[in-house]
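K.L.:
Based on the hints, put chains D, B and R in the right spot on chain Z.
There are 4 protein chains.
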Amino acid sequence: MSEAIEIRTIINNRNLNSVTDTPVTDPASGAKGLDGSNAFVCQRSKLDTKTSALKKSSRYRSRSLSASSTDSYSSASCTGSSSDDDDISPREKTQQNSSGFSDFCVRNIAQHAFGRREIEIAEQEMPGIMALRKRAADDRPLKNAKIVGCTHINAQTAVLIETLAALGANLRWAACNIYSTQNEVAAALAEAGFSVFAWRGETEEDFWWCIDKCVNAESWQPNMILDDGGDATHLMLKKYPAMFKLIKGIVEESVTGVHRLYQLSKGGKLSVPAMNVNDSVTKTKYDNLYSCRESIIDSLKRSTDVMFGGKQVVICGYGEVGKGCSQALKGFGCVVYVTEIDPICALQASMDGYRVVKLNEVVRNVDIVITATGNKNVVTREHMDKMKNGCIVCNMGHSNTEIDVNSLRTPDLTWEKVRSQVDHVIWPDGKRIILLAEGRLVNLSCSSLPSFVVSITSATQALALIELFNAPPGRYKSDVYLLPKKMGEYLIILYSK
Amino acid sequence: MSEAIEIRTIINNRNLNSVTDTPVTDPASGAKGLDGSNAFVCQRSKLDTKTSALKKSSRYRSRSLSASSTDSYSSASCTGSSSDDDDISPREKTQQNSSGFSDFCVRNIAQHAFGRREIEIAEQEMPGIMALRKRAADDRPLKNAKIVGCTHINAQTAVLIETLAALGANLRWAACNIYSTQNEVAAALAEAGFSVFAWRGETEEDFWWCIDKCVNAESWQPNMILDDGGDATHLMLKKYPAMFKLIKGIVEESVTGVHRLYQLSKGGKLSVPAMNVNDSVTKTKYDNLYSCRESIIDSLKRSTDVMFGGKQVVICGYGEVGKGCSQALKGFGCVVYVTEIDPICALQASMDGYRVVKLNEVVRNVDIVITATGNKNVVTREHMDKMKNGCIVCNMGHSNTEIDVNSLRTPDLTWEKVRSQVDHVIWPDGKRIILLAEGRLVNLSCSSLPSFVVSITSATQALALIELFNAPPGRYKSDVYLLPKKMGEYLIILYSK
Amino acid sequence: MSEAIEIRTIINNRNLNSVTDTPVTDPASGAKGLDGSNAFVCQRSKLDTKTSALKKSSRYRSRSLSASSTDSYSSASCTGSSSDDDDISPREKTQQNSSGFSDFCVRNIAQHAFGRREIEIAEQEMPGIMALRKRAADDRPLKNAKIVGCTHINAQTAVLIETLAALGANLRWAACNIYSTQNEVAAALAEAGFSVFAWRGETEEDFWWCIDKCVNAESWQPNMILDDGGDATHLMLKKYPAMFKLIKGIVEESVTGVHRLYQLSKGGKLSVPAMNVNDSVTKTKYDNLYSCRESIIDSLKRSTDVMFGGKQVVICGYGEVGKGCSQALKGFGCVVYVTEIDPICALQASMDGYRVVKLNEVVRNVDIVITATGNKNVVTREHMDKMKNGCIVCNMGHSNTEIDVNSLRTPDLTWEKVRSQVDHVIWPDGKRIILLAEGRLVNLSCSSLPSFVVSITSATQALALIELFNAPPGRYKSDVYLLPKKMGEYLIILYSK
Amino acid sequence: MSEAIEIRTIINNRNLNSVTDTPVTDPASGAKGLDGSNAFVCQRSKLDTKTSALKKSSRYRSRSLSASSTDSYSSASCTGSSSDDDDISPREKTQQNSSGFSDFCVRNIAQHAFGRREIEIAEQEMPGIMALRKRAADDRPLKNAKIVGCTHINAQTAVLIETLAALGANLRWAACNIYSTQNEVAAALAEAGFSVFAWRGETEEDFWWCIDKCVNAESWQPNMILDDGGDATHLMLKKYPAMFKLIKGIVEESVTGVHRLYQLSKGGKLSVPAMNVNDSVTKTKYDNLYSCRESIIDSLKRSTDVMFGGKQVVICGYGEVGKGCSQALKGFGCVVYVTEIDPICALQASMDGYRVVKLNEVVRNVDIVITATGNKNVVTREHMDKMKNGCIVCNMGHSNTEIDVNSLRTPDLTWEKVRSQVDHVIWPDGKRIILLAEGRLVNLSCSSLPSFVVSITSATQALALIELFNAPPGRYKSDVYLLPKKMGEYLIILYSK
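Protein chains in written order, with my numbering: chain Z, 1 to 497; chain D, 1 to 497; chain B, 1 to 497; chain R, 1 to 497.
Wrong hints could be hidden among the right ones.
For identical chains, the list gives no copy identity; a pair is met inside one copy or between any two copies.
Claimed, not checked - List of simulated lysine-lysine pairs, DSBU-like, C-alpha gap at most 30 Å:
#, residue 1, residue 2
1, K486, K269
2, K143, K266
3, K485, K376
4, K486, K143
5, K477, K93
6, K417, K143
7, K245, K143
8, K376, K486
No wet-lab data here; the hints were simulated from the structure.
Looking at chain Z on its own, in the form it has when it is part of the complex (with noise of 0.2 Å):
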């Protein structure tokens, strides 16, 4: 496969993972049961809910959820909704802010505080989001925007939905997802008149009358829509038809949604013009080379507490992630090895100073093995066989496929989970493999996606509603498009103070 393909691969995968396991059902089915034609599909299953929920909510906690590693006291007062949790509905309280609005519902409004710093906090970190509030904010440029939004609702999207109105918009807001609404940030938007439906833990009604709440209200015409998984979207065109026909433009975040409008479409029934964020340059660029390589050392650093250097590591694949990966863990004094079946991605590892092995040939060796190549059983039991004790094996390419982990689920082995994210896999004798995150994206479930990196997707997703509404006549049509590339050079040039 080549790079561009394998890269490509990646990419869809990381954002496939991340979608497919969304928790909630139609809301033709689950909802309010609309006319139920099959059209509209959902492609999500309800099985998993609960784990892929999890998984999706951790790479969006906010900072504070994700760096307690010193205090335990915080992190838990931080998620706060847990002593909530058996809180009557949101939908059955009467809340009001201290303005005495009371177009929202959260969980509790009197968290407001807490919220308002975390977004505070995400402010410092978030330069090129808050340079376009700044620049933007005399022309307006989404005056008169009224903009229905489905997104994770954290400390960073706030910042987003905050420089959104900033730049003139008008919002109604909306989680993508029954998990990972921090309530603080939603009390803290609820507080500052934001119309916010929201709250962790939402059954699937409520994720639909969230949404539903957003787009149709009284004197309200929406005309653009910000997604993120696609279910604003779809809400509008089957229950609003005609509410949909008047929406200038779509920012889609996610592949899934991008997939769901594509097919639109193919079918003659996309009738707006459709931006898909998730493949600009920027975005692929952070997620890939520039956030790997950070997030590969954060993630077993805070999992295993291992000193890398003199460790021997074996990278399977050399693509973006595997160029990241690698050239962070040389630089702590890891002797790298890489696998890579693509000549050219091998001739790039080779010059790059590392060598280009089979995994057979190291796998007895090495200290740590990370995947990285977008394939299916990467690593395989027989692999793991040879390894040798205390031998950390992770994955960075793929959801949970490129580690043979059911390959693992046998009566011979014994598993001990020794703490989240970490199991230590037992041979019969004794040999113990450390295996994180089962699997799964590694440096979603132990590490924190930096501000900085949210941020590039969510000043994107600004620019992509900018120009969708700013666009003339013609533009346009009613087909799914790319950012142009002028507004990513402009996005960077932002980022580049």
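P.N.:
Just chains D, B and R now, with coordinates in the frame of chain Z:
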């Protein structure tokens, strides 16, 4: 100041830091009421008992405590002690292990299984001490050694304790710090038949009682002491001088303990040879260059989730610590500046590719400021007044004097603790600087020490015990020695597989 | 300009550079007096024949020539040709090799031993082409191929020629440049029985006579052309159109040659498939990132003996060439600044740890200025006026337009040639800047191209010949093709041992 | 062997190497017939005068000579002396400079312009010595100093000489080596009015005559000696003992000279303080880590044009030299292995990311073998028998004993000199290894020493002269001293701009 001097200073200060904070008082005054002579001066203040104990304990906490970023539950359960804090004192309880053995005193023997797992995990990452255990198991070089131990009690020291036993020694063990004991590990040691007297949250009276139980027991004449801070040594010297005369050797880990030994030696009161493992080559190399290279990254990531790529960083001081920090940050794509007053170190920095500057030249522009000089007030209020919004400030070099933190405690500035170990200091105009660990050593507060590094210290201690116990008469007099170079080299060989 | 575009531009310009300088005139006008139609336009100027020929030849000189990069005189003497320069023309001589074979024309057949040794040395460093020779020797995939070759003639091309023969081909070979032939190598080929017609210092009439001898020989109907600049192709097309019709394929190395092929194709005059090896992935990767990473260091060292550690360097442009230069100089302890107008490349530079600046910000302080943008007048007189005494200025990116060298040819400045390729330009106040290669490509002038890099091009040419010669009918039409990706990958496999 | 010892050994051997080869005989026997007592023992052999002189001179040749490292002939021609070699002796000629001054003896005063240019170029790259010249010009700290100098005479030492004069000194200067003088530079000094007595190709009698002319001149009582090898010191001591008594201090550059001073001191014959600049911190740092980091690359490139990316390299020894080599080669994309017997250095190598191996484990696979141990026969015939075809073997660490070159001089092997400093040694099966500099120090033979490095030595010499000349009575006794650390630091400050 020359490089050599600077490094020594850093080392000394680092260790002094942890030791001068030792939270307990002298047995003469605070505990049992000995003769009260001031020959045995207490070098530690009672005043900051609490915070410093926490700091000290954080350095030696087990991996499971440190790595809980994704799982607040397990970290809570792991310390376990919180729920026990109001329990009756272990001294009041009657406990026995599953073999009926009861010559120990721990918080709760029932917690042993969890502690054993922690010990097994630690064994994976302590290859040197495990290799020593294996290689010397037949020789039993510590046969007939009767060791009184007084150290932190955690998974890594448990590996040391069990190794000493495997080499033939009899042991009795107490904690050197009232807060740092991992109760589960102590329970596991008791379950394994070790006479351990230690729990988290001892009173000062408990502290000396525990040491006394290790020294003074039926049909027990100890002949070796392994000490960390000098408390076991001094209790024995003061309270059981006859017993002390029969000691063959003392191994001391801390700077304070070493300092006390030198004072005894000067005063003509040291009647046995002692070995200072604090200043061994292996330890200084690891505690400085290699360990700091990784811990600076880990500390910054865990506390701030900052993305390193493209950040501008200034590192004050280019001794071993500064070299490690610079290398790591450059490797992650930071632009690194160095300040250095020693011209030879400055030229090294220059030849290594860093711009050598005065702090004032860059302080307005950098994103991160790191101190590693061993000097006082390297970063002043004036500097911090100039820093840009969001600048991160932390200290890798000196207890808590490199950053003039006190200068920030003025009415015009607001402190906001955004999470444990992370404060925002807010200027009247809204500018925030992010201060880590209140200026104390950030790598001790915000990351965890890899077992690998700890294990080098442990193996050094074991080798020092073997050397002193087996030395032919006359090799060592009643003085303080460094570990012979040959032993240091043997140690390295253990680690080189 | 986007990165992709920039890189392409650099590649194109680089090649255009060597090609537009080709020093000979059209056969139509300069040699035998063909029909003179302007359909066959000469794209090369006669004006700067001499200097450009030297420049071109320097790129392709053999290793032994290259070691004396600073002394063109000695390199001439090194080939031994200097003493022959006044000899009678080879065309006047009667020579035969030791087997009595005489179908060749070289300077002096007696020099063959030295040339053979050069070929053997080159073989050591061309693993890919040698592997191809070995692997395909049994298949003889070029059996029945009759190839007219027209390339530089040096040790590396001799290895290519002998490989083609080993694969089954019959060959006749001429030089593509009147100055670049290594006489000893030509003699060695003649001694080995090859019909080679080339010597250093051909006249323009000689040049066309030699090609003619390769095309038009008794009982010789060529079916393949391997060309570098398009001269053999065009001579055959113009003078022997019937013969041209029977050609199965053309492999062309240079940008100019490719350009001419495209023009023929447009004009409907290209009756055979042609393959453009200039733009193959393998070639661009090597001619840019990996090759430049080494050649910038080599060029600066050989010409100036500068010590890199601690120097400040600015690199203009962060395409593949700039990336390679930056990496190498950072690795040697330089402080590297980057200028870049493309925001995506700029952000890459930033994330890779370089300060992105405007040239004006740093030009007063840097020790070395390197251009690699592909643009014109990146370094102006105004910049050079500001540079400090001793600043080194060189160009890695564009023929000779990136540095505005003409602006230095003013009466107030004194030029002093301090050695070959190194000029001091002296300001009235005594300030000197050190200009390398008069602003031409420094790595072509001041270092030598590793055989390894050359050999990748050679192997690509061989594979292209095999592909075209063996392609089933219909796979290729009368058009210009790129080497199929599969062949590129096969090539890499040859190099991956 | 410990690292410290190893490094010292390397340094010593390196210098001994160049010094024990000094080609001239004792003045007692070879020149004027002194008393012939053996108190003044000649420590140098006449036997290998020629080759060693060339080697020595190669280290100190000027930049323009160095650029043609592979061609000793052309370098000779470059100085222009070749045509003079058969001239009548300079001692027979009558020459005067353009001011009518004639108290000098050089090859040809007419060559002064070329020499001046070389000096001016050197000034550009010797910032420290030039800064010293500027800073101290007003103080004139060498006012009234009368210095006899005896060093290599090239552009860099000319900068030193003119600096000393600018600081107030009077000077008379001779060469310390009969082959290393650059005639043009000597002419330029003479033209500038310096009493210089030196030319390339002196006889032994000339050599002592020149020194004598510097010591013994009308109305000239020298009070300082700057020596390189101890010849001026010893001539004065033997022949002009009364004059020697009035000397205030000696500065000695070479190991041999230092050794001779220590012997004098032991024998009670050293009546003046002397300063050993050979072992100053600044010199050892530069001659090892930083200089070797660059010169290994330069040497390999100039001699073999090898491409580094993807090559496998083994470096024997991980002292300062080995560290520098490893870092440079890793930076260029080599896979680097290290052999090391000292466990502490071995662990450093491991923590720095190199696989520590035994040579036998990798010798069959590597492309380049570099020795840097300071030991003998590190690479044996047995190793070389196993190397693969094309393997490059060279020595960075010890005069010529690290590679057992003699073991290659057996009838079954063929040596083929492929260019200067490069031999192919050919096994019966056709395998070739590429041996550089016949196993002598490759960086002295195949690259040139940057002026920057040379200039640090020069500045150290100047500071040592200033210190000795101005020291208050009693600070220095009649012994051999190291440069005070403060002076070393001052030196660094000069270089830090």
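K.L.:
Of the numbered hints stated previously, which ones are contradicted by the structure, given in increasing order?
P.N.:
Violated hints: 2, 5, 6; rest satisfied.
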